[in-house]
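Taken in sequence, the protein lines are chains A and B.
The opening position of the first sequence corresponds to residue 56 in the working numbering, with each subsequent residue numbered one higher.
The opening position of the second sequence corresponds to residue 69 in the working numbering, with each subsequent residue numbered one higher.
What the hints contain is simulated information worked out from the structure, not anything from laboratory work.
Just so you know, these numbers come straight off a predicted model, no measurement behind them.
The beta-carbon is built from N, C-alpha and C at its ideal position, and this holds for glycine as well.
Heads up, some of the hints might be wrong.
Taking lysine to aspartate or glutamate pairs in the EDC-like style, the calculated list, with each CA pair at most 16 Å apart, reads [stated by the list, open to error]:
#, chain 1, residue 1, chain 2, residue 2
1, B, LYS165, B, ASP175
2, A, LYS108, B, GLU280
3, A, LYS136, A, GLU72
4, B, LYS83, B, GLU282
5, A, LYS64, B, GLU133
6, A, LYS159, B, GLU335
7, B, LYS159, B, ASP189
8, A, LYS100, B, GLU258
9, B, LYS237, A, GLU57
10, B, LYS237, B, GLU259
11, A, LYS108, B, GLU282
12, B, LYS165, B, ASP189
13, A, LYS64, B, GLU282
Derived list of chain A stretches under chain B, where covered just means 3 residues or more per stretch with a C-beta under 8 Å from a C-beta of chain B [to be verified]:
#, segment
14, 57-66
15, 103-117
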Amino acid sequence: MEFSQNNDKMIYVQLAEWLEDEILAGTFPEGSRIPSAADISANFKINHITALKGVGLLTDSGIIYKSRGVGMFVAEGAVKKLQERRRGEFCERFLKTAVSEAKKLGIGIDEICGMIREVYGNE
Amino acid sequence: MSELVIENIIKTYGKNTVLDGVSAKFEKGHSYGLLGRNGAGKSTLINIIMQRHARNGGTITLDGEKLDNNDRLLSRLFCMNDSSLYPSDFKVKTVFKITAPMYEKFDLEYAEKLAEAFGLDMNKRLRQLSTGYNTIYKVILALSSNADYIFLDEPVLGIDVNQRELFYKTLARKMSEGNSCFVISTHIIEEMQNLIEKTLILRDGKIILNDETENILSRYAAVSGKGELVDKFTENRKIICTESMGNFKKAVFEIADKEKLYDIPAELSADSVDLQKVFYYLTGGSPEETA
Chain A
56 MEFSQNNDKM
66 IYVQLAEWLE
76 DEILAGTFPE
86 GSRIPSAADI
96 SANFKINHIT
106 ALKGVGLLTD
116 SGIIYKSRGV
126 GMFVAEGAVK
136 KLQERRRGEF
146 CERFLKTAVS
156 EAKKLGIGID
166 EICGMIREVY
176 GNE
Chain B
69 MSELVIENII
79 KTYGKNTVLD
89 GVSAKFEKGH
99 SYGLLGRNGA
109 GKSTLINIIM
119 QRHARNGGTI
129 TLDGEKLDNN
139 DRLLSRLFCM
149 NDSSLYPSDF
159 KVKTVFKITA
169 PMYEKFDLEY
179 AEKLAEAFGL
189 DMNKRLRQLS
199 TGYNTIYKVI
209 LALSSNADYI
219 FLDEPVLGID
229 VNQRELFYKT
239 LARKMSEGNS
249 CFVISTHIIE
259 EMQNLIEKTL
269 ILRDGKIILN
279 DETENILSRY
289 AAVSGKGELV
299 DKFTENRKII
309 CTESMGNFKK
319 AVFEIADKEK
329 LYDIPAELSA
339 DSVDLQKVFY
349 YLTGGSPEET
359 A
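Chain B with its partners taken away, still in its complex shape (with noise of 0.2 Å):
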């Protein structure tokens, strides 16, 4: 099974440090969520896998060899972010015509597919592209890559609803056929929680959960009711976060082993998280409301 791992990871731009230790692995045939808020270090640490930054420490291997600086190993991935490596008056056909040969499985032809299906123009220069066909373009461009490991750095930026159903759903079928390792930072969770099968959590620089994301849809759940009754269930239990409205209280907890939704007490109400749930209360919740 081949493997890209990183390990200890750090980035520091002056006193302010990016990224403090960051340690993951990203197998073939599997897909990820990398998540985080604006500048917990999502994209600082794409561009440092993709060797577009340098980093101040660790290292990064790709089936045991070391990735710095091997032409070879980097043409085993794609990534698509905001930048774009091309001049602007490039024709989109252009593109596509100049990307294929640079990896070894491209599919130029499911890329014109593509294309057709989301109304992309072929003819038009990436200038005269509108914010959602310019992330429209690279998205087309990394799902017919079929690299090893494919790095979508928002990859749904701009884009309309329908396409946005249309580009989970081609996802969803590129991931099926396991030729590839997705690996998908992005701030829309709630559409993309059921399509990443593990979810990364960066936090200050650090990953903060790294599991499963069926395993941490288990691990916690929502408790709700009368404030006191509230208190009283969650007194010995790992609380999250809770939220009040007079004498109504919410506390989103840790469940402990084997516990079973079902125990709560018949005057509470048992609610089961969301990925996008789990995520807004681990990454400090919303800034205080202001009246």
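For reference, chain A alone in the conformation it holds in the complex (with noise of 0.2 Å):
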């Protein structure tokens, strides 16, 4: 996992959402603690500044606390209100892109229809 300046969307912004998608995936479960922003600086070889700003985005909107001197937490209920925010975001993220690419190659609806079906039948 690296993050790259080759990318719409600044590090910060990607750091918050790699600790979202690890949250999803429970590798952070509620209650436990995420790695500390130093930790994350010289993983990720970012700027201390930038992880603290990353974190901040998930400690603003309540997915993770800080506790003072003990480090920062998942909070409990996260996994929920990102799952709702993300099911928000995922016609925007995803479908979107998936439309506009089969409209180029001249896919008609009925067509991406049964390739999503047969994709998430497979998965």
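Build the complex from these two chains, which are given one at a time in their own frames, with help from the hints.
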């Protein structure tokens, strides 16, 4: 995992999304401690101010909380909160891109739906 | 907040002006990338700040006090560069022992730990060190100095990829302690661009860009595709550089206020530009290719 400047998203946003993904995947379960900003900086070779900014996005939205002198923890209910928000973004982030590519290639609506069904079933 | 301020630094060698009125501010707890092509004046500027070179004009102050000939203030600064301050028959461990008492917060134990991590044999004499280890022992001194202001002039010269990785991680951790200000000059921008919070670009002895790295990145973008469409899109925009290949054209431009990347026409591709690319374009691109 590396964060790149060749990305529409700033490094701190990429970091926040990575943390969210790992919380959703259960790598950092609710109630558990997430790595410190210093560990994150060293691991991803990013500036600590960027790391703090990324983590700040999650504390602002109540996904994680800080316990002074102890560390940062995943809040109870974080997974549900993230799922709800990500669902709202699903269409914008994934479907629109897929549909626009499909249109470019002349793939019709029924054909896309068929493909989605097939992919979904195979998973 | 502690700060090192340089104002209107001028340096000339005969008729040649190397630094032409350079001003900047470095704050403790922050990190700066001092970038420039060969001969832009980076090393000269660092040497002037460290009082190793004389200057023709300008002032340098640390927390409001003049730095000149003030050993007490100078001991709060550490500089690593390609020059060695010690005789080449000294052993690495001797150099560590001599350097330690010169800096109030020097951590000798940490230095020894780093030497082990980097695989540096402390019993070797300086002249026995390879190019890479010659850089590494100086980097270790810098990271262990805990000086308020640490200047690293080409800190990865000759270092292999595994050791560079270790260096970047160690540096990131050191930075996050927030007790020092790091000013780093490097040509390997790509590997360090996420580590430097603020970027200064020197060109022909002048600072042409001084801003937070994040702001710089959000200020430039690239658009590419069919030549006419790219021309039409960039018509009223500030173009930094263009490249063509047949009817394919790519233009790097400055993003106007609040202009969003996704406003770019669907027939064109938009790309973000990383710091190395911004640097490359702002400092003249590549010399003419000869076929």
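Handout entry: Numbers of unmet hints, in rising order
Key = 4 and 5
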